[in-house]
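Chains as they are written, first to last, in our numbering: chain G, 1259 to 1581; chain X, 422 to 805; chain V, 17 to 380.
It is worth saying that the hints were derived from the structure and are not from the lab. Since this is a predicted model, take the numbers as computed values, not measurements. Watch out, some of these pointers could steer you wrong.
[To be verified] The calculated DMTMM-like cross-link candidates involving lysine to aspartate or glutamate, where the alpha carbons are at most 25 Å apart (straight line), are: (1) Lys-233(V) x Glu-1446(G); (2) Lys-191(V) x Glu-1446(G); (3) Lys-236(V) x Glu-1341(G); (4) Lys-294(V) x Glu-1341(G); (5) Lys-251(V) x Glu-1446(G); (6) Lys-294(V) x Asp-1333(G).
[What the hints assert, rightly or not] Computed, partial: chain G to chain V, Cβ under 10 Å: (7) Phe-1406; (8) Phe-1407; (9) Gln-1410; (10) Gln-1424; (11) Val-1427; (12) Leu-1534; (13) Asp-1537; (14) Asn-1544; (15) Leu-1547.
Beta carbons are placed, not taken as given, at the ideal position from N, Cα and C, and that holds for glycine.
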Amino acid sequence: MALSPGRSGLGAGPSPAPYRLSWRILDALEAVAARWPARAEGAIRWLLLLPALLVVGLLVFGLLVMGDASLRVMDFRTYRLSEQHSLANYVRLWGWGAFHATLWRSLGATLLVTLLCLVLAFPYARALTRTSSARLRRLLLVGLFLPFFVGQVVRAYGWLVILGQQGLVNQVLGLLGLGPYRLLFAYETVLFGLVQYMLPFAVLMLAPALAAIPEEIERAAASCGASPVRALLRIVLPMARPGLVAAALVVATLTLTDFAMPAILGGGTNDFLANLVHDQFFRTSNAGLGSAIALVLTFLGTTVAGLLLALAGPGALGVRGAR
Amino acid sequence: MTSTAEAVPRTRAHAEAVPAVEALGLGRRYGTVWALEDASFRLERGQFLTVLGPSGSGKSTLLKLVAGFERPDRGHVRLFGAEVDTVPPHRRPIGMVFQRLALFPHMTAAGNIAFPLEMRRFDPREIPARVERFLELVRLRGLGHRRPHELSGGQQQRVAIARALVFEPGLLLLDEPLASLDVRLKEEMQLEFRRIQRELGVTTINVTHDQREALVLSDRVIVMQGGRILQEGEPETVWRDPAHPFVARFLGVGTMLRGLAEAGPAIRIGDRRLPGRAPNPATAPRPGRPAVAALRAERVRIFAASGSPAPGTGFACRVTDTVFEGDRVLYELIVPELGEVRLRAVDLDPGGHARYRPGTQVTVAWSPDDLLLFDASLEPGSDP
Amino acid sequence: MNDPSFFTSRRRLLGSATALAAGFAVPAVLRAQEPAKPAELIVRAWGGVWVDSLKKGVSDPFTAKTGIRIRHDLTEDNEIKPRIWAAVQQGRTPPIHVNWDTTANATSSALRGVCESLADLPNLAKVLPLAKPIGLEGVPIVNLYSYVYVLAYRPEVFPGGAPTSWSVLLEPRFKGRIALYNDGIGFHPVAQVMGGGKVSDIPGNMEPCWAFIRKLKEQKPLLGEDPDFTNWFQKGEIDVACTISSNAREAKAKGVNVAWTVPKEGAKVDTDGMWIPKGLTANELYWAKRYIDFALSTEAQQVWLDGLGLPGVAPGLRPPADLVGDPSYPTTEKDFERLILIPPRIQAEHTAEWFARFKEIMQS
């Protein structure tokens, strides 16, 4: 038996070292593993997947229940859903101006917030992955993770404090002899709050993709005669596409289904679809119409995600079997 | 501004006179550490220069300054007579092959090769034919449609070479592109580099830590250590007359002996005086001072203990290890007469077997010309 | 259903009951037959001043008298409702014993048939007729007090005295500085009058109401819920609002200079009540009823509603000092004449429809 150099000098003769407890545990585990029937490995794999599958399954079940409810009309004389199925709720949505307005507002915000987040997250993620200064990197990381400790609702209320008539911004403007201005309760405020909320997600999704692009590649582009801008457009952005798509996917689906920002910063006149769903379920107790809107929202979210993935081409998320 | 490529003189007579690359007292500092100090050299057109050194010797920094990826803190770089200190890398007339090749994974081989042509505004009608020509030059005809990950390691190397050369740059930089290859492929690619470089006549700077590669490829060699250039010259010269004990060691000298310098020149070890040769006056030991002597393993002749060489020139020794390598045999010997010093010797014509087993007593000898003497203060305390 | 006009409802609201001593007088005979006491009862309540005053005026004295602990569940009224409905539908035990609820919201539960009958509460005979819900069969809900959706304003923007008409909401200087409830609740009858319509046309023809709300939309109103109004007055975001008087009173209590009035066109009055979900065991049902019965007593209401600043249904209540003669604390016939009550059942049956119209205007 070969002794480790650390122990060879100790004492006379090769007296065995004390056998560590952690080694014993590992030995025992290996002994069990050795006896494990090979057949069971597949079963174990499924067993480990089971909780996730169960959660997804429950989600599908919930969708089915909502699908059923969406086909029943609420009778407000008895506050019960009709026995017979019809498309009446969907027909009603089709003709309801508030639904159309809310739908386009949600989609518009999704597009704008996603684009803005990508544009803003890119330089941040790049600085994070490229800077040679450890201090700057630490600062950027703190700036990235700090917002995660502050929930969305708390942050929205924070903006109320900062952007209000007597808020920080208006106080500063007041010192300059300006304002006060109404900065809250507009579509722009909601967009602002959403961008601020989603930005860390976008950076987090983008940073690994950018980190995976070796600096050498950019030098290679330069040595090929590409200016920094052309290197960015022709080399870096195409190579960062999986990260851009992943970031867009997260930001777009979270924005499309967001509830808190429009509720708190929108001043009541900038609802998104999720607010409409909430109102139907909890304000007017119309589970039928609420389910119909919820399903439309689910369909839209799936479509947006599908479009983004199609845009990225298969393999964008690094799943095997693509490329 | 006009690109440096245009700044390259057009008239042939003038072109002959101006060197391709001139480094004038280059220095580069990271924090408080000078990664490169006072580096000067001159490279004529069409020549192949290898910068040789271990990691941390400053050779990569030197390359970055020439390529323009970093700016010197001191000194200047001139390319074809024009000072390029403020010229960004993409405007320098330089093609480069990188250590990890840095092929663009989202483009085909042909796309990679066409990229510099597009960036450097070549006539779009001319690009496909040129790409074809260079695919042919690097022997990748018919593989242009493949993505980098669909090519073998050697094929990827060839794409990288074609991409670096397709716009016919005035200067080609090689940043250890062969470092990660296995021996067979490395030797094949070395020959390939040489062929292509000769064919195109492109001035080349190659950075490597592989002394064999340096000798195989180069017209000129620079050996670096600790951010400084120790020696510059033709491969044979550097090999034969290393100007510094580090150069001797890095080029594969087998043994370093320590002793005191004597006039002659010679080195005294114990009570033996060994005559030798000081290859460079600047690094020669002064008599009475500590000296080191480099002895090349392949210049050590081995005789059976009985078959003694000329009287007074041989040393009796004991074989401690024998390494049979097929075309040669490596011996490790202990020489009691020189204070139990360990010596390496190579038998380059073993005739298919190792003549001497460990424990055997033998006699070794060498010519004074092969014992290279240096001032010991150049070699801080290390024992080979 | 028959369509009770608001006039009749107003009369019923006005019908004053004889002041009877309420208290917790249960005949000794009944006491002997009392079923087993549960360890605790769960009462859903609103947070803040609402639960504090309930605890002080009703829950704590109830515990002192009966030994039954009261736990307050602060789940929002809108959110507890679907859970109760689901529990009743599936035959499970409901999550709470007593639900403190707006009468309109409670009515939807009554219509769905998930409420126990409260017709046999002894104190019901002694309080204002307003305590019994209008337009519903039996007594599935007991109303406990009323409240008014007043015009709240900042006195410094009305140096000439309190505004006299809801039309101030349309003044250009208040663009972006007015606030309503985000479902339009509390404002429909006023809007109907302002739009040139008649309250009696509700719910048949509400076009005048929607026309006025469309005009209001041009004023870029903020839309919120109870705490928002207090907050917005406090932070200087708004100058005028249609809100429940309690919110304005709370803002005032926090030192904000806010006043309120009932303009000449009138203001909407509503009630809150309590009800018991079906599915409780017999003894829990009994003690839950005793809890509501106690909440109807003058003893309990005097303390509880002083905290809220709202007029209760129990006889012989003394208004809080700061609300004597206040239009939002109606006591006299003259006070009540300017208040508009929409029967909860009409509200319950049309909430969704009105909500949809309101959203349609405000969200586009």
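How the hints compare with the structure:
Proposed proximity of Lys-233(V) and Glu-1446(G) is supported: the alpha carbons are some 18 Å apart, at most 25 Å. A C-alpha spacing of about 18 Å is found between Lys-191(V) and Glu-1446(G), which places the hinted pair at or below 25 Å, so the restraint holds. With a C-alpha separation of about 41 Å, the suggested pair Lys-236(V) and Glu-1341(G) falls outside the 25 Å cut-off, and the hint is violated. At most 25 Å may separate the alpha-carbon atoms for a hinted pair to count; Lys-294(V) and Glu-1341(G) meet this at roughly 23 Å.
Distance restraint check for Lys-251(V) and Glu-1446(G): the Cα-Cα separation of roughly 20 Å lies within the 25 Å cut-off, and the hinted pair is therefore satisfied. A hinted pair counts as satisfied when its Cα atoms are at most 25 Å apart, and Lys-294(V) with Asp-1333(G) qualifies at roughly 21 Å. Nearest Cβ of chain V to the Cβ of Phe-1406(G): about 27 Å, over the 10 Å cut. The hint is violated. With a cut of 10 Å, the hint placing Phe-1407(G) at the interface with chain V is violated, because the nearest CB-to-CB distance is about 25 Å.
Look at Gln-1410(G): its Cβ only gets to about 18 Å from chain V, farther than 10 Å, so that hint breaks. Because the smallest distance between the Cβ of Gln-1424(G) and any Cβ of chain V comes to about 5 Å, under 10 Å, the interface hint for this residue holds. At a threshold of 10 Å, the smallest CB-CB gap from Val-1427(G) to chain V is about 13 Å, leaving the interface hint violated. Residue-level restraint check for Leu-1534(G) holds (minimum Cβ-Cβ distance to chain V is 8 Å; threshold 10 Å).
With a least beta-carbon distance of about 7 Å to chain V, the hint placing Asp-1537(G) at the interface is held under the 10 Å criterion. Because the closest C-beta pair between Asn-1544(G) and chain V is about 5 Å apart, less than 10 Å, the hint holds. Because the smallest distance between the Cβ of Leu-1547(G) and any Cβ of chain V comes to about 8 Å, under 10 Å, the interface hint for this residue holds.
In summary, the numbered hints that this structure violates are 3, 7, 8, 9, 11.
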